[in-house]
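Q: Chains as they are written, first to last, in our numbering: chain A, 1 to 604; chain V, 605 to 854.
Since the hints were derived computationally from the structure, they do not count as laboratory data.
Virtual Cβ for every residue (Gly too), placed ideally from N, Cα, C.
Hints are not guaranteed to be accurate.
[What the hints assert, rightly or not] Capping the alpha-carbon separation at 20 angstroms, the derived lysine to aspartate or glutamate pairs in EDC-like fashion look like this:
| id | chain 1 | residue 1 | chain 2 | residue 2 |
| --- | --- | --- | --- | --- |
| 1 | A | Lys-298 | A | Glu-8 |
| 2 | V | Lys-716 | A | Asp-154 |
| 3 | V | Lys-720 | A | Asp-167 |
| 4 | V | Lys-717 | A | Asp-154 |
| 5 | A | Lys-437 | A | Asp-389 |
| 6 | A | Lys-204 | V | Asp-740 |
| 7 | A | Lys-339 | A | Asp-389 |
| 8 | V | Lys-723 | V | Asp-708 |
| 9 | A | Lys-350 | V | Glu-746 |
| 10 | V | Lys-723 | A | Glu-100 |
| 11 | V | Lys-723 | A | Asp-389 |
| 12 | V | Lys-716 | V | Asp-790 |
| 13 | A | Lys-361 | V | Glu-633 |
| 14 | A | Lys-185 | A | Asp-167 |
| 15 | A | Lys-351 | V | Asp-790 |
| 16 | A | Lys-92 | V | Asp-731 |
| 17 | A | Lys-563 | A | Glu-100 |
| 18 | V | Lys-716 | V | Asp-770 |
| 19 | A | Lys-339 | A | Glu-371 |
[Claimed, not checked] Below, a sample of chain A positions facing chain V; criterion: calculated Cβ distance under 10 angstroms:
| id | residue |
| --- | --- |
| 20 | Tyr-4 |
| 21 | Thr-6 |
| 22 | Arg-314 |
| 23 | Ala-364 |
| 24 | Ala-478 |
| 25 | His-484 |
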Amino acid sequence: MPDYQTHEHDVLVIGAGGAGLRAAIEASAAGVSVGLVCKSLLGKAHTVMAEGGIAAALANVDDRDNWKVHFADTMRGGQYVNNWRMAELHAKEAPDRVRELEAWGAVFDRTSDGRILQRNFGGHRYPRLAHVGDRTGLEMIRTLQDHGIHQGIDVHMECTIITLLKDHGRVVGAFGYERERGRFKLFKSKAVVLATGGVGRAYKITSNSWEYTGDGHTLAYDAGAELVDMEFVQFHPTGMIWPPSVRGILVTEAVRGEGGVLRNSEGRRFMFEEIPENYRAQTADNEEEGWRYTQGDKSARRPPELLTRDHVSRCIVREIKAGRGSPHGGVFLDISWIKARIPNGTEHIKKKLPSMYHQFKQLADLDITQEPMEIGPTTHYIMGGVRVDGDTQMSTVPGLFAAGECAAGINGANRLGGNSLSDILVFGKRAGEFAAKFAKSGKSGTIDAQQLEEAARRAIEPFDRGTGGENAYQVQYALQDMMHDLVGIVRTEPEMQRALDGLDALRTRERRVGVGGHREYNSGWHAALDLHSLLTVSEAITRSAIERRESRGGHFREDYPDKDTAFGTLNFVVRKAPDGRMEIVRAPIPGMPQELKNIIEEMK
Amino acid sequence: MAAERATFRIWRGDAQGGTFQDYPTKVSEGMVVLDAVHQIQAEQANDLAVRWNCKAGKCGSCSAEVNGNPRLMCMTRLNQLDLSVPVTVGPMHAFPLIRDLVTDVSWNFEAKKRIKRFKPRPPDAPDGTWRIAQGDVERVQEFRKCIECFLCQDVCHVLRDHQMFDAFIGPRHLVYAAALEMHPLDTENRIPDLKRAHGVGYCNITKCCTKVCPESITITDNAIIPLKERVIDQLYDPVAMLFRKLRTRD
Chain A
1 MPDYQTHEHD VLVIGAGGAG LRAAIEASAA GVSVGLVCKS LLGKAHTVMA EGGIAAALAN
61 VDDRDNWKVH FADTMRGGQY VNNWRMAELH AKEAPDRVRE LEAWGAVFDR TSDGRILQRN
121 FGGHRYPRLA HVGDRTGLEM IRTLQDHGIH QGIDVHMECT IITLLKDHGR VVGAFGYERE
181 RGRFKLFKSK AVVLATGGVG RAYKITSNSW EYTGDGHTLA YDAGAELVDM EFVQFHPTGM
241 IWPPSVRGIL VTEAVRGEGG VLRNSEGRRF MFEEIPENYR AQTADNEEEG WRYTQGDKSA
301 RRPPELLTRD HVSRCIVREI KAGRGSPHGG VFLDISWIKA RIPNGTEHIK KKLPSMYHQF
361 KQLADLDITQ EPMEIGPTTH YIMGGVRVDG DTQMSTVPGL FAAGECAAGI NGANRLGGNS
421 LSDILVFGKR AGEFAAKFAK SGKSGTIDAQ QLEEAARRAI EPFDRGTGGE NAYQVQYALQ
481 DMMHDLVGIV RTEPEMQRAL DGLDALRTRE RRVGVGGHRE YNSGWHAALD LHSLLTVSEA
541 ITRSAIERRE SRGGHFREDY PDKDTAFGTL NFVVRKAPDG RMEIVRAPIP GMPQELKNII
601 EEMK
Chain V
605 MAAERATFRI WRGDAQGGTF QDYPTKVSEG MVVLDAVHQI QAEQANDLAV RWNCKAGKCG
665 SCSAEVNGNP RLMCMTRLNQ LDLSVPVTVG PMHAFPLIRD LVTDVSWNFE AKKRIKRFKP
725 RPPDAPDGTW RIAQGDVERV QEFRKCIECF LCQDVCHVLR DHQMFDAFIG PRHLVYAAAL
785 EMHPLDTENR IPDLKRAHGV GYCNITKCCT KVCPESITIT DNAIIPLKER VIDQLYDPVA
845 MLFRKLRTRD
């Protein structure tokens with residue numbers, strides 16, 4: 001029997017970013033005991049990186065906004081393969097979740113009459129993002145953290161879960177290790193909420209931190225739950241590209257929301273050259289109108305730089321491929337030009353985009369108030385994830401819930417900027433609420449000792465092979481290179497088939513990974529254990545992307561460059577077949593109620 | 605600085621002891637210390653313990669001492685350092701060492717819990733929320749930029765040299781307390797706690813914390829000194845003291 005510590009909670013939340021914290025707070029407020037597992041220290045999760053704001057139809061800046069417009073924007077952005085129920089709940093509940101943050105101490109930027117200020121963002125018809133300069137994520141995670149620490153939640157920091165435990169088909173706990181001493185931990189619980197974020201580390205160029213290895217996706221999949229929409233990966237159009245060591249770090253969309261423009265090497269605003277049909281009516285057709293929009297002119301339509309991220313990324317790739325890129329292989333993003341249009345431009349930019357100013361100044365020796373930035377697409381977010389019920393966030397496995405980036409549905413084929421921070425609040429709360437309910441009605445299960453033993457044995461195998469084995473970091477790098485080259489922004493069937501072969505080869509290498517030293521805070525060991533998740537989600541992305549023989553949202557197929565209405569009515573579900581292989585199944589999207597259909601029609 | 609080499613002298617060891625070890629590695633344009641550490645970890649020392657997350661100065665995980673200076677490794681460019689001699693990278697000194705560059709910072713999380721939580725006044729706008737002027741939030745927003753890297757705690761002599769973790773909450777938590785005290789909606793009174801439990805008086809304004817703050821928060825001038833003034837106003841003002849005395853007699 002492996003040596004381990006046992007903890008018991010009614011609800012175990014895995015992941016302590018916005019979704020996990022919000023779920024833990026809600027479950028705890030419902031009167032059940034809650035354990036919160038974080039892969040890093042508390043308050044360092046990826047939410048901290050979110051910059052632009054929280055999308056919520058508060059209508060503080062433009063009173064034409066309401067949940068219906070937000071719903072229609074989200075569905076349009078997601079190309080209508082979203083879980084419409086989640087999009088509806090999200091649009092309706094986001095304003096309350098933002099006001100609640102304020103009541104817990106968040107300090108948002110203000111309108112002139114003292115209400116929460118909202119800013120423009122891609123794909124949102126009206127200024128909708130509640131924000132704090134360009135560090136909204138930090139404000140949010142800190143507010144939740146500082147509220148949560150007084151709720152009696154047991155926080156397990158620097159702890160990674162490696163398997164979920166089941167009893168008679170129901171999830172009854174989780175097993176993992178803590179980094180500090182390398183000891184195993186058993187968590188018994190009546191319900192589990194996954195809130196582990198995304199998968200960006202499967203790609204070479206990414207805005208995501210080391211934690212983003214698809215743990216929750218993989219835990220759920222291995223436990224028999226279904227994943228959905230895994231082909232939809234968001235490549236954010238604006239990541240830093242120079243110098244090489246900062247490649248991929250995010251440059252917030254708020255730069256464009258505040259009037260920043262994209263130009264190619266010829267100085268042209270190339271985004272005007274291709275405006276998708278379904279956005280034409282609401283997009284400016286000249287630079288002047290676009291500028292007026294960013295400055296709050298309600299009669300103006302938004303500039304094409306604020307089209308959805310999937311589209312902007314593809315336009316940037318097109319410019320680079322056509323030889324109109326910037327010196328280091330990107331394009332130019334310019335905010336400094338607004339100095340010609342507004343008084344005190346330099347100060348204005350620093351005030352609206354303080355961390356961007358800081359980031360470029362310190363990491364790239366570039367003053368964004370004086371010069372354009374060089375940017376290019378970076379892997380940012382996965383729309384796909386655990387398939388959940390829209391109301392309760394429960395997966396297809398009883399007792400297993402998921403919220404935030406590791407759950408799927410709200411975003412469809414493409415996520416709008418700002419909808420993630422609102423998603424994690426709305427569905428983090430719901431997951432916590434329903435997990436607590438589930439826990440209250442259920443009882444503890446029996447832990448399968450054999451499952452524990454097996455997980456522990458696999459986890460320490462790399463030590464048996466020692467430093468003579470494969471280097472975990474090199475396997476990870478090889479995977480990142482391959483996914484970037486073969487299953488990236490532009491995809492084709494032959495390349496993705498090669499990626500499947502490549503994944504087989506990497507699985508073999510993974511089984512040979514060895515680590516030296518002991519178990520205490522051994523980064524090499526942690527990297528070795530993350531490989532299983534990375535390979536699982538990479539396979540799910542690749543297999544789903546092969547099946548979707550069309551282009552939609554974040555998924556672009558060079559061999560099927562157009563949208564195909566036949567694919568507009570279905571999602572691809574990923575699950576483990578009885579023989580242990582990964583299978584992809586078509587799932588028709590349930591019919592939308594007439595009321596929601598009418599809203600979409602009205603807003604067209 | 606095209607593809608040259610540099611040596612990084614990195615602390616390897618745990619609470620029982622350890623030593624600095626030299627790792628020569630390739631360096632290229634734009635690299636930061638964390639890049640070099642990662643490269644060494646991936647190529648030469650797989651088990652090297654280091655914390656990091658965002659690599660963009662936003663999460664405050666990769667705090668360390670670079671050539672003796674408390675810094676975020678992700679925001680320390682190699683072109684700011686003299687690469688003709690080894691670059692020393694060690695863990696923060698104020699906290700107990702776990703391994704290599706990783707220290708036990710858990711005390712910070714416990715200390716924060718002892719500070720009374722945010723307590724807003726009841727909503728007073730017609731829509732059930734509040735109206736707050738931008739001017740009133742700016743002071744607090746400076747403090748809320750804090751990324752909890754704990755470099756200010758590391759450099760504070762009360763904690764670093766005197767290890768007074770029981771008596772003094774340190775600059776980070778004074779900034780946190782200031783953010784609450786100056787929050788336009790907050791109604792809690794933390795002044796007596798600041799004096800007694802949190803030990804604001806131990807700060808003797810050497811401003812070391814302000815100097816190392818990667819977020820450029822004016823910790824001493826804008827947070828700590830105003831808190832000290834509030835303690836004096838509330839607890840040492842002779843008129844108020846007399847007034848309190850008389851009231852107690854009633």
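Q: Each hint: holds or not?
A: Hints, one by one, checked against the model:
no. : hint                   : verdict
1   : A:Lys-298 to A:Glu-8   : violated, 55 angstroms
2   : V:Lys-716 to A:Asp-154 : holds, 15 angstroms
3   : V:Lys-720 to A:Asp-167 : violated, 42 angstroms
4   : V:Lys-717 to A:Asp-154 : holds, 13 angstroms
5   : A:Lys-437 to A:Asp-389 : holds, 15 angstroms
6   : A:Lys-204 to V:Asp-740 : violated, 43 angstroms
7   : A:Lys-339 to A:Asp-389 : violated, 48 angstroms
8   : V:Lys-723 to V:Asp-708 : violated, 30 angstroms
9   : A:Lys-350 to V:Glu-746 : holds, 14 angstroms
10  : V:Lys-723 to A:Glu-100 : holds, 13 angstroms
11  : V:Lys-723 to A:Asp-389 : violated, 35 angstroms
12  : V:Lys-716 to V:Asp-790 : holds, 17 angstroms
13  : A:Lys-361 to V:Glu-633 : holds, 15 angstroms
14  : A:Lys-185 to A:Asp-167 : holds, 18 angstroms
15  : A:Lys-351 to V:Asp-790 : violated, 25 angstroms
16  : A:Lys-92 to V:Asp-731  : holds, 17 angstroms
17  : A:Lys-563 to A:Glu-100 : violated, 40 angstroms
18  : V:Lys-716 to V:Asp-770 : holds, 12 angstroms
19  : A:Lys-339 to A:Glu-371 : holds, 11 angstroms
20  : Tyr-4                  : violated, 20 angstroms
21  : Thr-6                  : violated, 21 angstroms
22  : Arg-314                : violated, 25 angstroms
23  : Ala-364                : holds, 7 angstroms
24  : Ala-478                : violated, 12 angstroms
25  : His-484                : violated, 17 angstroms
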